[in-house]
Amino acid sequence: MLLRLRGGRIYDPENGVNGEIRDLYVRNGRIVKAPSDPREANETIDLKGRVVMAGAIDLHTHIGGGKVNIARMMLPEDHERDLTPSGRHPHIGCGHAAPSTRTAGYRYAEMGYVACFEPAMLAANARQAHLEMADTPMVDKGAYVLLGNDDFFLRNLAAGRSPETIRDYVAWTLTAAQALAIKVVNPGGINAFKFNQRKLDLDEANAAYGVTPRQILLSLADAVRALGLAHPLHIHGCNLGVPGNLDTTLDTIRGLEGLRAHLTHVQFHSYGTEGDYKFSSGAAEIAEAVNKNPNISLDVGQIMFGRTVTESGDSMRQFAGSAFADPKKWVGMDIECDAGCGVVPFRYRNRNFVNALQWAIGLELFLLCDDPWRIFLTTDHPNGAPFTSYPHLIRLLMDRSFRNDMLATIHPDAAAHSRLASIDREYSLYEIAIMTRAAPARSLGLKGFGSLAPGARAHITVYIDHDDRERMFATPEYVFKDGQIIVQDGRVVAEVQGATHVVHPDYDRRIEQELDDYFERYMTLRKDSLRVSDDEIRDEGRGELVLHPTTARP
Amino acid sequence: MTAAPADITLATCPFCSLLCDDLSLSTRPDQSFSIVRNGCRRAEKLFRRRPVAPQPLIAGQPVNLETAVARAARILRRARHPLIAGLATDVEGARASVNLAERCGGALDHVNGDALMSMSRLLQTRGWYSTTLSEVRNRADLVLLIDVDFQARHENFIRRCLTPDARPEAASGTTRTIVHLGARSAKRFLPTGTHVLPCHPSRLTEALLALNARLRGHPLKTRDCGLKPADLERLVELVRAARYTALVFAPGSLGAEREPLSSAVCDLVESLNREARAALLSLGGDEGGMSAVSACAWLTGFPLRVQMGRTISFEPQRINAAKLIATGQADAVLWVDAFGNQPSPPVGIPPDATVILGAAHPSDIEQCGVYIPVGTPGLDHPGRLVRTDSVVTLALTGQRDTGLSSVAGVLTRILDRL
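Here the protein sequences line up with chains A and B, keeping their order. 1 is the number of the first residue of the first sequence in my numbering; add one for each residue after it. 1 is the number of the first residue of the second sequence in my numbering; add one for each residue after it.
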């Protein structure tokens, strides 16, 4: 069966294709070379006037795991405003800020996404996270496992254990938790909060272990490098949300000493202390540093006005933010000598100075960072806004006059404190395709994703070229996953399961003996109970495990 | 993994939400188990039970599984208001229950629905700061047990969390204090050295509110708060001196005091976290309760007590299995009990509209339209269960070959016929 997609305008930055009219051919779930005679195609879909991109990838979205489920249970009032009736999707469910797993999968697919990555899975909670992701259909998935606040890591770092030992532990954790990458959240700070430290700067020692966030970052970034993981250390830095954290972020970039790193939801880490409100935008300084340091990539964590819920492993900062809970309820947790979490519902208001400036700071970051290969489109779902706001965000980036219209509606002092009005840049379709497809696929090492070249997986999104880019990106005409039409005219037409992407780097098995002893002495489960097996992911053929190779480096 | 007879195998206990994963079992000739190491009184009793006969019954008469499944499907298809309840099962069984409810327009409740819902309500109205088993074991220098009855359940919490052999150096310099607030009779089941502060269970909330008032510097108008004044002052001193206080309670055993007391625990944690660190741990979610709540939440958005229909409707007040049955608001019930502890649903549904999936025979087998025996996860088949702290999910392996289906296996077959 050879499928011909005829005459679409192709945006495929991975292969340097910028808006050329071309045919695509699909066979057995892959993109294939054009046959010598187009009549060989068994079926043809005419895409004249359509915009064609690879399927989109969200590399930072909270779709599964304990804190996501706490948010779901906490917010019946949010779900009740967005219940999906039977007939709309293969299964009923609910949407908005903390959607049910299935609805999240359906809605991602309906926006043209084919892969989503949970950025904060705890090893202690990995089995649940994978169960939730298994119940998130339509998209491929994967998760980044948290390290850097767990007592085992900290005591070994404090004891001056060798980088090789740390690396073995990191590799074991990736394998046991079935993760694709390593994330660190408020390095050492979540742990410090358990010992009642209320803040932790980059060079401030965790009182219990005497190690600093800077040491933790360097140790983990080096382990990630040495293990040869495709995705660099995924960093949620110190001092999230604190006015003046701009300096922390700049120090973090410098402190990485050229090691590759991904800074996440940087909008929340780009605040100065200037002006009447002692709260100002640091986007220009951050963008300048990012532009100068090719080892750094980032995602923005754009906020949008409206209700949402913030879910974070950063118990220290969520505790501080809990005073602003709206509605007035929140959950914090200290978790299993591993990490923590905080779940705080929130409402971003465009007439609130701080929220309005947060909105502008996110957009400034997008527009001032030069290289779309190193900046990814996220709202840190649902922390800045639910992922369903991406089409609106794309319009803000692509349409300057729309952006300025929106700017006119926010708190006037925030608008005046922002340089947004002076920025002319409009993202092109090519750049959008980079930041939502090609770049995340490269960053995560997802072979066959984010590309429309022969040999690539036939993950294809077809859009109608509306001038209103929000409308265009909200309801693709077709979404193909592995060559199958899964969405047509913005509606799910076929349910697929999606695979789970993981790495299993090699490590010296002696670390397992050490961990057995440690778990036996201190923990309330055995080390082997934590491990999620390959068979659990495969689930008798219901799931699929995609193991990505890693190449150790000295 | 099936153990050869007489071998000692490592097992995880499915019978309470602590999910102890370090039990050593030896298999007896009748396919029951003796616990050789790390058991507790409750586990020893329940592991000693023989597996149920794998014979499905309709009105007490043997039928094959196919016939039983077909009859169960017919009962659900004919019902206008089916109820899928009990839900004493693993994650897989809970997922299948949600799918079945969606297909037949059913309501979902758990055998411990009242206790589970009280915690959900607390979460939905104010939230809390909580902690987990290993944190209590390693971090807490003060553990305040609020009328926890270790004789009945969760006995191994003492061994695993309160009296570990080793604590990490990072917690060194601190000695652990354990305080029990509640009935004096609990004393003999507590670790030695526990400070027992007697308080009548009906006055625990008052005692906690008084403690909280003292911590917040509010004067008390009365010295009568359920605790002796000297004990209250002692408690104030202890919590003020603590660096990390863990407040442990078991909502399932609190009865009418459950909601105000749970709320008072949350308030206390909030006060303590102003200056030092504190967190609560609720011991509950037995009989697969935590698994059912978790899976239902991720699949529907709501923590049980949902009515599936054209959309999902969360009705925590209305959807109470016993009430729906008693008032005739449910006209058929599918009752799930994979642990063999609650073999029959609340009475009130006619036998020909009753389906039971159980690991033990219902008390009145004639009164049960369809009975399909099922295995217990972790004994008869593999399964996954969520621990009391709702963080750790354990994968249990099967320990014997009984031919009993899992709840998920049977429900999927019923679903296929709907």
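If you're looking for bench data, these hints aren't it; they were derived computationally from the structure. Hints may contain errors.
Covered stretches of chain A (in silico footprint by chain B; criterion: 3 or more residues with CB under 8 Å from a CB of chain B, positions within the stretch not fixed) [said to hold, decoys possible]:
1. 3 to 16
2. 60 to 72
3. 189 to 201
Ideal placement from N, C-alpha and C gives every residue a C-beta, glycine not left out.
Checked hints:
Counting residues of the segment 3 to 16 of chain A whose C-beta lies closer than 8 Å to any C-beta of chain B gives 0; at least three are required, and the coverage claim is violated. For the segment 60 to 72 of chain A, the stated coverage by chain B is satisfied: 6 residues place a CB nearer than 8 Å to a CB of that chain, which reaches the threshold of 3. A stretch counts as covered by a chain when three or more of its residues have a beta carbon under 8 Å from one of that chain; for the segment 189 to 201 of chain A and chain B the count is 4, and the coverage holds.
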